[in-house]
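Enquirer: Chains A and B, in that order, are what the protein sequence lines are.
75 is the number of the first residue of the first sequence in my numbering; add one for each residue after it.
75 is the number of the first residue of the second sequence in my numbering; add one for each residue after it.
Since no wrong hints were added, every one of them can be taken at face value.
Computed cross-link-like contacts, SDA-like style, restricted to lysine to any residue with a CA-CA straight-line distance of at most 20 angstroms: (1) A:K153 - A:D164; (2) B:K90 - A:N331; (3) B:K90 - A:D77; (4) B:K90 - A:F80; (5) B:K203 - B:C106; (6) A:K282 - B:K90; (7) B:K282 - A:Y312; (8) A:K90 - B:F80; (9) B:K282 - A:E252; (10) B:K282 - A:S311; (11) A:K282 - B:Y312; (12) A:K153 - A:E230; (13) A:K368 - A:L461; (14) B:K282 - A:R296; (15) B:K105 - B:R245; (16) A:K90 - A:S115; (17) A:K203 - A:A236; (18) B:K90 - A:S281.
If you are wondering where the hints come from, they were derived from the structure by calculation, not from laboratory data.
Only a predicted model underlies this, so the values are computations on that prediction, with no experimental measurement involved.
Residue strings, one per chain:
Protein chains: 2
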Amino acid sequence: MDDFIFQNPTRIYFGKSHEANIGRIAAQYGKCVLLHYGGQSAERSGLLPLIRKELTEAGLHFFELGGVQPNPRLSLVYKGIELCKSNHIDLVLAVGGGSAIDSAKAIAAGTLYDGDVWDFYIGKAVPEKALPVGTVLTIPAAGSESSPGSVITKEEGQLKRAVNADCLFPRFSVLNPERCYTLPPAQIANGVTDIMCHLQERYFTNSKPVEFTDRLIEATLRTVIATAPRVLANPTSYDDWAELMWAGTIAHNELLNTGRVGDWASHDIEHELSALYDIAHGAGLAIITPAWMKYTLRHDIARFAQYAERVWRVEDNYFDPERVAREGIARLEAFWRSIGQKVRLSEIGIDERHFTQMALKATDGEAHTVGHFVPLRAVDIEAIYRLAL
Amino acid sequence: MDDFIFQNPTRIYFGKSHEANIGRIAAQYGKCVLLHYGGQSAERSGLLPLIRKELTEAGLHFFELGGVQPNPRLSLVYKGIELCKSNHIDLVLAVGGGSAIDSAKAIAAGTLYDGDVWDFYIGKAVPEKALPVGTVLTIPAAGSESSPGSVITKEEGQLKRAVNADCLFPRFSVLNPERCYTLPPAQIANGVTDIMCHLQERYFTNSKPVEFTDRLIEATLRTVIATAPRVLANPTSYDDWAELMWAGTIAHNELLNTGRVGDWASHDIEHELSALYDIAHGAGLAIITPAWMKYTLRHDIARFAQYAERVWRVEDNYFDPERVAREGIARLEAFWRSIGQKVRLSEIGIDERHFTQMALKATDGEAHTVGHFVPLRAVDIEAIYRLAL
Numbered sequence: 075m076d077d078f079i080f081q082n083p084t085r086i087y088f089g090k091s092h093e094a095n096i097g098r099i100a101a102q103y104g105k106c107v108l109l110h111y112g113g114q115s116a117e118r119s120g121l122l123p124l125i126r127k128e129l130t131e132a133g134l135h136f137f138e139l140g141g142v143q144p145n146p147r148l149s150l151v152y153k154g155i156e157l158c159k160s161n162h163i164d165l166v167l168a169v170g171g172g173s174a175i176d177s178a179k180a181i182a183a184g185t186l187y188d189g190d191v192w193d194f195y196i197g198k199a200v201p202e203k204a205l206p207v208g209t210v211l212t213i214p215a216a217g218s219e220s221s222p223g224s225v226i227t228k229e230e231g232q233l234k235r236a237v238n239a240d241c242l243f244p245r246f247s248v249l250n251p252e253r254c255y256t257l258p259p260a261q262i263a264n265g266v267t268d269i270m271c272h273l274q275e276r277y278f279t280n281s282k283p284v285e286f287t288d289r290l291i292e293a294t295l296r297t298v299i300a301t302a303p304r305v306l307a308n309p310t311s312y313d314d315w316a317e318l319m320w321a322g323t324i325a326h327n328e329l330l331n332t333g334r335v336g337d338w339a340s341h342d343i344e345h346e347l348s349a350l351y352d353i354a355h356g357a358g359l360a361i362i363t364p365a366w367m368k369y370t371l372r373h374d375i376a377r378f379a380q381y382a383e384r385v386w387r388v389e390d391n392y393f394d395p396e397r398v399a400r401e402g403i404a405r406l407e408a409f410w411r412s413i414g415q416k417v418r419l420s421e422i423g424i425d426e427r428h429f430t431q432m433a434l435k436a437t438d439g440e441a442h443t444v445g446h447f448v449p450l451r452a453v454d455i456e457a458i459y460r461l462a463l
Numbered sequence: 075m076d077d078f079i080f081q082n083p084t085r086i087y088f089g090k091s092h093e094a095n096i097g098r099i100a101a102q103y104g105k106c107v108l109l110h111y112g113g114q115s116a117e118r119s120g121l122l123p124l125i126r127k128e129l130t131e132a133g134l135h136f137f138e139l140g141g142v143q144p145n146p147r148l149s150l151v152y153k154g155i156e157l158c159k160s161n162h163i164d165l166v167l168a169v170g171g172g173s174a175i176d177s178a179k180a181i182a183a184g185t186l187y188d189g190d191v192w193d194f195y196i197g198k199a200v201p202e203k204a205l206p207v208g209t210v211l212t213i214p215a216a217g218s219e220s221s222p223g224s225v226i227t228k229e230e231g232q233l234k235r236a237v238n239a240d241c242l243f244p245r246f247s248v249l250n251p252e253r254c255y256t257l258p259p260a261q262i263a264n265g266v267t268d269i270m271c272h273l274q275e276r277y278f279t280n281s282k283p284v285e286f287t288d289r290l291i292e293a294t295l296r297t298v299i300a301t302a303p304r305v306l307a308n309p310t311s312y313d314d315w316a317e318l319m320w321a322g323t324i325a326h327n328e329l330l331n332t333g334r335v336g337d338w339a340s341h342d343i344e345h346e347l348s349a350l351y352d353i354a355h356g357a358g359l360a361i362i363t364p365a366w367m368k369y370t371l372r373h374d375i376a377r378f379a380q381y382a383e384r385v386w387r388v389e390d391n392y393f394d395p396e397r398v399a400r401e402g403i404a405r406l407e408a409f410w411r412s413i414g415q416k417v418r419l420s421e422i423g424i425d426e427r428h429f430t431q432m433a434l435k436a437t438d439g440e441a442h443t444v445g446h447f448v449p450l451r452a453v454d455i456e457a458i459y460r461l462a463l
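In isolation and in its complexed conformation, chain A is listed as follows (with noise of 0.2 angstroms):
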């Protein structure tokens, strides 16, 4: 086990119970909000409504700024950082999803930071301080909620990029199941396929040894594995999405990256997908991730082999666990497929004119490699894009 510090200082509100109390929540940390949101969802859903009447009853001013959109947008989060410097905002509390609350840290970290906010993600700056941020989840997912983390994108060059930092992490989220209720098959299928690469990203890595994590993850992974057909079946089922909420959030706080270094390059190579062809990541991670597993394999099969035995379930084959650990990469191609994922990119309409130049882009030049388990060149990525086709 590797040495590590941990410290997830988020707070969370988990139930149906702590929306009432939004406002008295908020107003632990200040006098003005500014209010973060996508579209019209949280709108109809009478969750915005229900957040301007708590903030308001707890004497809170506020400030608007809605049209998050997914793969959040650099111009956006200069919009919010222009409007909390000019209106001495204490706190940004973002409404939705990944995207929000991405850009409400970046928002954060942005208006405390006299340079430009994008330093942070091409890593010229090193983000400090950021004002407070309250999150209220309407779909599990990113994981964002109690993450360092926030990924942005920069429409100039189409730059999907990330930075993690403690002062990022959320001071308090509001998970409410029921919020889960109306998303669409497909948002779900994105979000669950989501949470399961945070924890398998997590799960292939050099460092060992590492059994605790390791059951921990493949308890989460068995969790959502058990709960997303559920949920997809029967969308009002408190039950099973209050499991697949609580366990999107725990596969991305931190704690399962305790004493290991996880990989990340999927992750990566997705965000060259999603910056260029403006799909959902989680789209994207459904087709790069068995791809990337088929071409890493041979570097430990023993951890492949033990991911199908314990997570899918998969036979025991001592005589010939690359058998085992192919039947575990086909059953989660299965998997996905189940909940409506597509897992190549023929099927979505992606061929390989722009390979070489999203590889290129990935690793930021033919010198250097993504990813930890198995670094990887321009020239590995595109053989993984080419095994995903």
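On the provided structure of chain A, position chain B as indicated by the hints.
Expert: Below, chain B alone, put in the same frame as chain A:
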């Protein structure tokens, strides 16, 4: 899943590399430290000399209060409070296991309280604030290094009582698995038993469904069961100690409590045993828990059968789930015996003479109950003591 609020603020420094930074870590919390510890083992191992050196080099003043005993005593807590008040202590730094840490928490809360600190332990007052507590853990067991709990024994009347409060979470804890190398086998076994009971107390719940946390608890129990025999066989196995130590913290850091109400009767029933006979808490739990399980089994045979199959790998038998359940309890007893525990009161020379008195103390009289899975009256507890003979 029940609604819940979850936040664990303790910063964990895990591994070999952090002890050298204890001075700098402690310096974040002030200038003046009370160093609080038990007997001579931390002195002999070189840990206390190292900490004194680190604190001094970081420019901190410190006072010392050693002599914490297992089942830590209220009288020493009073001494610590006096020391803190008269020396303007900023941080109480506990070095040792659960006893030193629980005692430090009591001192930290008592220092900022005008009344008698024992008020917190008998429910007469709620701790609202406490001095910051840091810990340097030397044994995986109590989980107090990242929990909001403290258990103290009042010598007069042999009262052993617990309190939980957010202000009692340590601010930081330093966990170096190497510090466990010199633990005697009996202490290892008691620590392992305590960890397993923290998990089992949470597992046996009436909250349902709680699939995700069930799986996380099972994963943690499997880790403890796998690694405990290895550290007993090879006390200097860093990797196995690391798994066990981290599992011991997660077992009790409130995560595995989320969305469910644990039982905790066995802990209460055991507390009377260790208060009266001054045996180790873990040793008492190894005797009380199987008896408690046999007594409550029929309340939810499915839960006991799931526990048996998933944790102990008992073969499924849907035609006779009680048989599966009973086999699980038998395997728990066999495992505890295998690590050197006694699992019957008669084996440690305790007979029935005080059963009635202990049962009445555990429940604070005939009218009250302990435990949530199955609320138990004094008469039930007496029956459990008898089952444990």
